[in-house]
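Visitor: Protein chains in written order, with the working numbering: chain V, 11 to 233; chain S, 87 to 399.
Watch out, some of these pointers could steer you wrong.
[Stated by the list, open to error] To give an idea of the chain S side of the interface with chain V (calculated C-beta under 7 Å), a few residues:
id	residue
1	Lys-203
2	Gly-205
3	Asn-255
4	Asp-259
[Said to hold, decoys possible] Below are the BS3-like pairs computed for lysine-lysine, each with C-alpha atoms no more than 25 Å apart in a straight line:
id	chain 1	residue 1	chain 2	residue 2
5	S	Lys-226	V	Lys-213
6	S	Lys-325	V	Lys-184
7	V	Lys-23	V	Lys-65
8	V	Lys-17	S	Lys-346
9	S	Lys-325	S	Lys-346
What the hints contain is simulated information worked out from the structure, not anything from laboratory work.
All residues carry an ideal CB built from backbone N, CA and C; glycine is no exception.
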Amino acid sequence: MIIAERKPVDEIKGFIEGKKKVLVVGCRGCVTVCNAGGTKEVGILASLLRLDAQKDGRDLTVDEHTLERQCDPEYIDELVELVEKKYDAILSMACSVGPQFLARRYPKEKIYPSLNTCFIGGALAHGIWAEHCQACGNCIIHNFGGMCPISRCSKSLLNGPCGGSAGGVCEISKEVECIWHLIATKVMEENRLDEFAPIQPIKDWSSSRDGGPRKIVREELVK
Amino acid sequence: MTRELKTNSRLEKVLVSGAFAVTGELGPPRHCSAHEVAEKAKHLVGNVDSVNITDNQTAVVRMSSLAAGLLAQKEGLEANMQMVCRDRNRIAMESDLLGAHALGINNILALSGDHQKFGDHPQSKNVFDLDSINLIQVIKMMRDEGRLLSGQELPPEGRPKLFIGGAYNPFADPEDYRVHRVAKKVAAGADFLQSQCIYDMDRFRRFMAKAVDMGLTEKTYFLAGVTPLKSLGMARYMKNNVPGITVPDSLIDRLKGVPKEKQAEEGIKIACEQIQEFKEMKGVAGVHLMLIEWEHMVPTIVKEAKLVPRPQV
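With the rest of the complex left out, here is chain S (with noise of 0.2 Å):
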């Protein structure tokens, strides 16, 4: 697809360019140290487009993203900023909205968040005011048609020029609706849809075959998300144990194969495999690497991977 600029995000410029864009993930701090924000954030200075900094993950409180995203663009990095419905009104997004983009923030990726009974703090009250795709529509309101929610005109150089991401599960369930709540995602004005993490590769071509059939691709940038396994145990908790994930018993079978210090090197030669298959696949524009409290490996599996050097847009 080619188009015109509708933000100054790097993101945004990688991806109209044609090239195979790649993201990470930065989780800020259970605390309020710079240093840690700046320290994760080496790791993929020079090795991704944009890094996603994650709002609150998990329902545990951590330095907010928009604090942590503008930290780690000091840095050299783009954030590409999350933003969940699970802690803030409508009044309080879209106040967030303004402030970011005046504070230089270029992405934000528009989510429901993790129920709070995961989290730290399971006695709080959730807001979920919108969901993640009426956020969508708010920020492309903002953008776009210059108003608030309210009916309140923003002035021309007053807009936040956001480049809107939503996030995909096609592992979720009922598998054959995945695809049509996505395309709501496409149609209320999502610009870049990151996915679930993928171990189950046969699921993800079924899904991206209907999202390409159904004409999502072309109006909506999909990244493939990818978390490599760390182990044979990572791989068997994140069968068991996290909802809307499915790892196939052939992953399983393949990481018990392999001696247990050999298992990280493994999960990252099958990452790798992965993303080759993903720069092949019809309808797949770039890679979200979210290799979670594991930021140091970045700077391999690009290499490995043969994701860099990033191209200078």
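This is chain V alone, in the form it adopts within the complex (with noise of 0.2 Å):
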């Protein structure tokens, strides 16, 4: 799922200065999964928007609202009858797909993204995300013993471990882990390392983001 986590509050303070109405819109989809940006979330950001604004003595009306899913077009029409209230700012606590539907869809409000989205990964425990995919375009993860060197490696290595790996872990940081290094030892615990020989061919990088902007039509969904 896309990882992601709340902007300081200072810095989304910063984007209603001087606004009276704001409403915060929650999204159910990977933000709530990730105590990001689901209903939960936008209640507590809700609160401490009113509390700082109480504190203050500014006058701030603060409403919350979750969609379904904020990168879906059906749920963004959802909020028609709440836009008509004419809001200040709107805060979305999606990824960044969905403020930046919001502001399509409502062109003339003035949205404004309250979460970083980080990266695609997985929960390793309860509060720890790391990520595991960079959206290459193009999965060869079974090459790696099921390990992704090019989300997963400091520089994306197809033929590591670089000479930087120590102890297990990657030369930028004892709290990163060098992937390869567990490549190489998976490969070698599996008596593998005939199959692992071969050069890892060189990368096409054009199904990835640098390949431009992407898009997917499935014509048998598209009516």
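Two chains, two frames, some hints: make the complex.
Guide: Spelled out as structure tokens, the structure:
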């Protein structure tokens, strides 16, 4: 899923400076699962903003609403009635797709992103998420013992590990595991060095973001 | 190993002749003074067969390795231009390879490159379009097959005759896998390989025995990396702070037993003992002297290690 985290509250307060009526919009998709932008987090942010205004003696109304998803026009449409109530700012708590979809559907509104969209990843444990995919558009993890060196090696090496791998950690930080250490160790444990010996071919990045913004058209689904 | 020359590289000629090769290292300045390159070069002329010109090492911006390499060549050295995959994509690298050879560069060392997190521009975007092994393949393709990665053909007179180098680090992990990674560089087409600084001789002996056993040293020239320890402080720093370098306690103890003002001398002595062993070690074709910001000691070390005079080829 897409992993996101809330922006620092001061940055969000900056978005709504001088504004009197604000709508916070959550999303029940990925950001609910990673505890960044679901109903609960919408409630927390709204309360923070109300309390801050109260403390300063400012007049501020903060409404809350969570959509099923912010990456689908049909759910974005649900906001029509709320938007008619004329908000000074709409804070989206979805990944950055959400505020973009809101801005397109409601072009006269002032839409702000309240989350930073971080990466495609999964939960390692409760409260810990790690990047596992860079959306290169041509998955080859089966060549690496089921691990992705493009997203999980700091240098995206296809023929690692580099000379900075020490004690299972990456040269950039002791907090970053060396994925190539794990790949190489697995290959050796499974006695598969021979099949692992060929050089990984030079990657074609045209299916990645490098090929330009991407779009998928599934003819059988297009009405 | 005996074979025909592929390039006009002096380093290649020395290695093919069977002589024990010596390469040095020159770090370009963090500004554009040609004078500093010339000053550093003075200590190396006549003492090494070829000199590595580092490419923005540790991700700190310096004069480009091509420019500094050409300046070094003007002083009478032969440059081994380092090229990292961090800062350039395949388009820029192929272009620079063509340009470098057109300007007289005969050796290239293909590296992945230190991550920019270490350097003076940690906010930068990195490239890593190719990795070092892929880069070796590309250079070989351009030289031997006469084409670019795109398939674009290079006319016979327009193929970069570059002697292709790579790096190897027996001290990074996992230890048992290191020789297999080097095997990939050999298979990719590396003509010569230079190692990370060697301090842990036991581990290096184990590594070389495996490389010899796998037949790698029959296909590619292996040079052993030497960086003399200037002080006990440097030894401790290398041991604790440089990922992929191991310094055994026996070396630390040896430096501890020497008064501070004599530690540099002891470091040179240790390096000379290492070089003597490399000369006799099966599979080692030469040494790579990395005297980082200590270039003026090169004449001393090559003299004491009996590496001069260098062969005329």
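Visitor: Tell me, in ascending order, the numbers of any earlier hints that this structure violates.
Guide: 2 and 8
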